[in-house]
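S.K.: Here is how the chains run, residue by residue.
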Amino acid sequence: MEKVLTRNIGVDQQPTDLKAYEANGGYQGLRKVMAGMSPQDCQAVISDSNLRGRGGAGFPTGMKWSFVPSDDKCTPGHKYLVCNADEMEPGTFKDRLLMECDPHQLIEGMILSAYTIGADISYIFIRGEYLLAIQRLRDALKECYASGLLGDNILGSGYSLNMYLHPSAGRYICGEETALINALEGKRANPRAKPPFPQVSGLWGRPTIVNNVETLCNIPHIIDRGADWFKTLGLGEDAGTKLFGVSGRVKNPGCWELPMGTPIREIIEQHAGGMRDGYQLKGFLPGGGSTDFLTTEHLDLAMDYNVIGAAGSRMGTGTMIILDDRTCPVGMVLNLIRFFAHESCGFCTPCRDGLPWSRQVLQDIEEGRGQPEDLETLSYQIKYIGAIGNTHCALAPGAMEPLQSALKYFYDDFKQHISSGRCPYH
Amino acid sequence: MPTIFIDGQELQVNDGENILEACLNAGLDLPYFCWHPAMGSIGSCRQCALVQYQNEDDTRGRIIMGCMTPVTEGARFSLKAENATEFREAVVESLMLNHPHDCPVCAEGGECHLQDMTVMVGHRDRRYSGKKNTHRNQYLGPLIHHEMNRCITCYRCERYYKDYAGGTDLGAQASHDHLYFGRHEEGVLENEFSGNLVEVCPTGVFTDKPFLKQYSRKWDLQSAPSICNGCAVGCNIAPGERYGKLKRVHNRYNHEVNGYFLCDRGRFGSGYVNSDARLDYAGIKQADGSYMAVHQQQALETAASWMQGKKVAGIGSPRASVEANYLLRELVGAEHFAAGFSEAEAPLMASVRRILQTTQAMIPSIKQIEAADAVLVLGEDITHTAPRVALALRQSVRNKSFELAEQMGLPQWQDAAVRNLAQDQRSPLIIVSAMETRLDDIASQCISLAPDQIAEFAVSIVEALAGEPSSNKQANQIAEILQSAKNPLIISGTSMVHWGIVNAAVAIAESLCTEPSGCMLSLCIPEANSLGVALLADKSSPSLPDLVNSPPEVLLVVENDLQRRLNPQQMEQLMSAGTLVISMDMLENATLGASDMVLPAASYAESQGSLVNMEGRAQRYFPVFEPAAERLPSWQWLLKLAALTNHKSLSKIEHFDQVVAACAKSQAEFTNLVDAAPDQSFRDRGLKIPRQTHRYSGRTAMNAGVNVHEPQQPHDHESPLAFSMEGLNRDQPAALTPYVWSPGWNSNQSLQKFQAEVDGPLKGGTAGVKLLQSSASGATQKASCEAVEMQAHHWQLVPVHQVHGSDELSVNTDEIAEMAGMGFVSLGAAVAHKLGVSEGDGVVLASGGTEVSLEVRILQRVAKNCIGFGLGYAETLYLRAGSLATLAVDAQWQRPQPQLIASDKATPDPIVAEGGSAHV
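Chains as they are written, first to last, in the numbering used here: chain A, 1 to 426; chain B, 1 to 920.
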């Protein structure tokens with residue numbers, strides 16, 4: 001398979017500087033656009049490419065961009081493009097690779113995206129712990145400014161764009177685009193109520209697009225090589241390639257660029273090398289900590305947004321977490337819920353107070369204090385906290401996904417904890 | 001009007017409102033926490049959940065938040081659907097995980113919105129078995145008590161304090177279920193409207209600290225509709241009493257005046273009512289200077305004998321009721337009735353009176369001020385001179401954001417979204433003042449000028465408005481801003497004691513009245529009834545210096561401490577020139593101390609009367625409880641005196657309503673006074689309005705420590721209110737609403753059951769009546785005043801008004817005195833630097849023969865050649881606005897040591913000295 005997003009990433013994981021990036025066809029897309037493609041042309045290509053957001057929700061990127069009002073439909077002022085590089089989903093480490101090893105790919109994608117939506121200011125909101133990525137992006141930005149790829153009158157096109165790197169002060173919730181915007185404005189990172197969506201009233205109340213790192217990295221290639229080429233890359237209904245990752249007790253945990261629609265079995269058994277000796281696959285979270293468990297019966301499913309959705313989970317970030325047969329599923333869910341409860345921004349009641357309640361019930365079960373009625377309480381909480389719309393944003397419903405699917409697939413484990421008054425895995 | 005369906009019931013609802021509002025308007029009980037009628041929706045508590053159905057066939061529906069969902073034609077909802085009720089119960093159950101269940105010892109208990117909502121959703125049994133989270137409380141000053149464990153994280157406090165009131169020192173900290181609402185460190189809350197936290201908080205996190213020290217449950221309070229006498233805004237208040245003590249003051253909703261909020265002077269400044277410095281008995285001065293206590297009747301007879309056949313003059317008061325002032329005027333005759341203003345104030349108030357009666361500009365209510373889209377403030381620091389108006393201006397600058405929101409189809413109640421959209425875009429607010437003001441943070445422009453120059457500058461604006469652009473660019477610009485506004489507002493007032501400023505402000509308003517937009521004009525005046533007494537004074541009325549110069553044989557002083565209005569020589573002359581002085585007042589003061597007879601007057605909380613606020617609105621207050629000891633309301637003292645002296649018209653009058661009627665008849669301006677509130681004969685379904693709640697407890701036992709026989713309840717022969725639990729407190733005329741309560745709604749949120757619709761007027765209308773109708777003729781005033789001539793090494797004195805400290809009565813409340821601190825001088829940073837002093841140092845200020853040591857406060861923005869002095873402090877009593885002063889460093893000055901009054905911190909951290917040994 002042709003490497004697209006990772007073509008500049010070698011095993012040594014050294015950064016690609018401007019010279020190396022350009023030597024390998026970098027900034028070709030940008031030069032092509034600046035030489036005469038209109039924002040409308042770019043928008044059409046992206047819409048046509050069927051690119052879907054790689055941050056987890058899989059929302060069609062072209063459609064998202066199309067909601068930005070044109071200049072004649074909004075009050076005069078700035079428009080913003082924000083790159084969501086606050087990669088904090090448990091089990092996810094794909095954006096880090098892209099930023100550390102090929103920062104210019106992201107920057108080119110951002111310039112093209114900003115041009116398409118008419119933004120004149122852009123931000124990279126990056127996870128504060130990504131010190132190496134921060135350093136490398138900073139260097140890359142310097143190179144771009146020095147060579148006229150950023151700033152006023154980019155490549156003589158008359159288009160100007162400034163780009164700022166903003167390391168986050170660090171909360172999981174900053175990955176939620178409106179919480180990210182609040183954080184960028186210097187406010188508490190609480191998500192905002194939608195509508196209005198950021199596309200019409202986002203950063204500083206202005207039209208704003210927030211896209212994930214990987215999504216933006218796809219843009220130069222689609223612009224350069226066309227929507228049809230991009231669509232041929234996917235094996236199934238979704239277009240392009242994707243960084244898939246596997247963590248857990250497999251032989252070869254890691255991250256690989258594979259076509260969209262690659263079967264799960266291929267990812268786990270071929271690329272990740274299968275389970276470590278002495279461990280059996282019990283289940284897995286297909287797209288990070290806030291997706292529903294799938295089990296061995298789902299191994300032949302293709303990693304496509306709708307296919308995974310139909311199986312009762314979400315493709316999320318495409319980075320799987322493996323549950324093996326020697327790890328307690330209750331303990332794993334408790335660990336996740338503890339994380340989500342701690343990362344709740346505290347704005348709405350079901351999330352702020354509901355998740356700690358679930359945590360407490362799970363802890364009782366895991367530590368052998370569980371009562372038969374606890375399972376009822378957990379089901380009640382799933383109904384109360386888990387439904388989209390019950391809470392202010394998607395954090396708490398996401399947190400409930402591993403819990404609700406664990407109860408479905410590993411119910412006996414929960415029962416056993418309660419009946420035996422201890423964790424059978426310890 | 002769209003039609004929506006709630007549980008099959010068809011409802012006609014208002015366009016643009018949300019489902020929660022629609023439900024409350026329909027009288028449905030939908031619980032909520034974070035939503036507030038004045039602050040809109042943010043969707044944080046998730047309590048007002050309903051089920052919305054797509055169409056008639058949809059039986060599952062989905063949960064939506066009432067406060068975040070706009071009404072749409074034909075939309076279908078259910079409040080009673082099982083998933084909705086189950087969800088609402090789950091929300092309360094989660095809120096209760098960490099709530100301490102300390103209701104029996106919580107000051108909110110019995111009027112707690114959280115209690116009400118918990119009962120409403122039916123939550124009873126607790127399933128959570130974990131530990132509760134706990135927090136450290138903070139010392140927030142003498143006014144607000146903090147008890148963070150009770151917090152349910154509704155964000156109301158932060159949104160009120162920061163977004164609504166413009167405070168900067170209280171907010172949300174930390175996150176998840178450890179969210180904390182407080183200051184960055186312990187300390188006194190800075191905002192002048194912090195007291196509203198008590199009513200905004202749906203549970204007991206922020207409670208009224210002075211009330212805690214002498215606590216009673218809401219249901220045990222005897223309350224009456226009243227009017228704040230702290231300033232001329234005339235906020236409606238609901239004071240509560242028990243055991244003969246005024247316990248606390250709550251806001252009383254008036255749609256057009258104070259809405260939901262009071263300033264801290266209004267809420268906390270009534271402690272003086274319980275003061276030990278209150279006068280209990282009448283006294284007659286003896287030869288040795290002491291007073292002999294005498295009975296009411298004896299005092300009255302003595303006073304009458306003194307007055308018989310003598311030349312009697314009276315001094316009224318801008319803080320006494322219209323009725324007391326009116327009776328005094330009738331008793332002594334208009335030509336012997338001084339309104340009680342100082343020499344500088346009297347012509348100003350006469351001028352204000354004339355302006356309000358003749359201007360073409362609209363004199364706005366606070367509700368109307370909130371609608372202004374361009375505001376020019378001349379010379380006032382409104383937060384300190386008319387506090388509640390400043391809170392309204394903080395809302396008026398948001399009109400820009402509402403305009404932006406409308407363009408986007410975003411409803412105003414989407415509070416967070418509207419704020420995020422507008423960010424710091426605000427409607428213009430231009431402040432021209434001698435010193436920085438508390439509204440500078442939201443002003444589009446602040447201009448620092450000495451009082452004379454403010455007047456001059458305002459005249460340039462008038463010229464620019466008339467089409468003669470002046471050489472002053474700023475003035476031209478401001479004229480343009482005002483001309484292009486749809487609803488401009490000019491605010492000025494008497495705080496600089498400067499005629500020129502007021503007149504020029506009026507001239508601006510008048511010229512804008514020729515524009516199609518018209519113009520609103522608001523004039524801040526000094527005291528609660530300044531306008532009322534100004535209306536009673538006429539051309540023949542003597543001024544205070546007139547009385548000093550030709551002293552009467554007998555002088556009747558009603559609720560006026562002349563020390564605040566006369567200089568020491570004048571005071572001396574007036575009180576000792578062979579004049580028999582009879583004074584009635586509440587608290588010991590210099591005037592009482594120099595009088596030959598003192599009569600104990602009832603406070604506002606023990607008497608009845610009308611006050612005319614700055615917009616000419618007459619409002620009635622009623623006694624909360626009977627005056628103790630031998631105190632009498634001033635109007636009763638005067639009526640009794642009139643009877644004893646056989647006054648020809650007054651001696652026929654016995655009752656309050658007759659006084660009102662006579663006053664209304666005496667003068668065209670007071671014709672409407674009778675409509676300020678229903679008269680004594682008013683009955684609701686045959687009964688008077690009860691001051692006590694129907695749960696009022698312990699009435700038979702309250703007094704048992706003194707006498708086992710239950711005393712008869714007092715009868716109120718003067719008002720339609722009864723000292724009783726009997727009767728209905730429901731939908732009566734707004735002026736007669738003593739407290740709010742409704743079945744299932746024990747907290748102040750029950751107000752919505754009294755409102756005709758959410759955030760609308762009360763079902764019983766709006767209390768009070770406007771006395772003045774502006775005429776079409778227009779107020780033509782010529783700005784004529786003598787400019788202050790500056791001298792080298794001198795500064796011009798500018799009065800600095802303080803919400804805590806400048807008011808005569810409230811400062812007799814311990815907590816307010818603590819907030820007020822001591823007399824001070826405000827210097828610009830440059831002047832301070834030149835003098836070599838910094839904040840907290842002392843200087844000696846010399847002016848007009850007085851020399852005082854004052855604490856230095858440093859300001860960022862001060863007009864050239866100006867220094868400010870804290871008004872109303874004992875130290876600054878004889879400093880006069882506009883006079884010149886010199887400054888010198890006070891070498892004797894000792895910086896006051898800050899003292900921590902209380903702290904929740906276990907013990908202060910030991911200070912570790914360098915040697916390593918710890919000592920506290």
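Bear in mind the hints are in silico, worked out from the structure with no lab data behind them. Fair warning: there could be bad hints in the mix.
Unchecked claim - SDA-like mimics (lysine to any residue), calculated; alpha carbons at most 20 Å apart, straight line:
{"#": "1", "chain 1": "A", "residue 1": "K194", "chain 2": "B", "residue 2": "R419"}
{"#": "2", "chain 1": "A", "residue 1": "K187", "chain 2": "B", "residue 2": "D424"}
{"#": "3", "chain 1": "A", "residue 1": "K187", "chain 2": "B", "residue 2": "H178"}
{"#": "4", "chain 1": "A", "residue 1": "K282", "chain 2": "A", "residue 2": "T295"}
{"#": "5", "chain 1": "B", "residue 1": "K131", "chain 2": "A", "residue 2": "Q371"}
{"#": "6", "chain 1": "B", "residue 1": "K400", "chain 2": "A", "residue 2": "R206"}
{"#": "7", "chain 1": "B", "residue 1": "K131", "chain 2": "B", "residue 2": "Y180"}
{"#": "8", "chain 1": "B", "residue 1": "K486", "chain 2": "B", "residue 2": "G518"}
{"#": "9", "chain 1": "A", "residue 1": "K73", "chain 2": "A", "residue 2": "F59"}
{"#": "10", "chain 1": "B", "residue 1": "K131", "chain 2": "A", "residue 2": "R206"}
{"#": "11", "chain 1": "A", "residue 1": "K187", "chain 2": "B", "residue 2": "K131"}
S.K.: State the violated hints by number, sorted upward, taking the hints as numbered earlier in the document.
M.R.: Numbers 9, 10, 11 - these are the hints that the structure violates, sorted from lowest upward.
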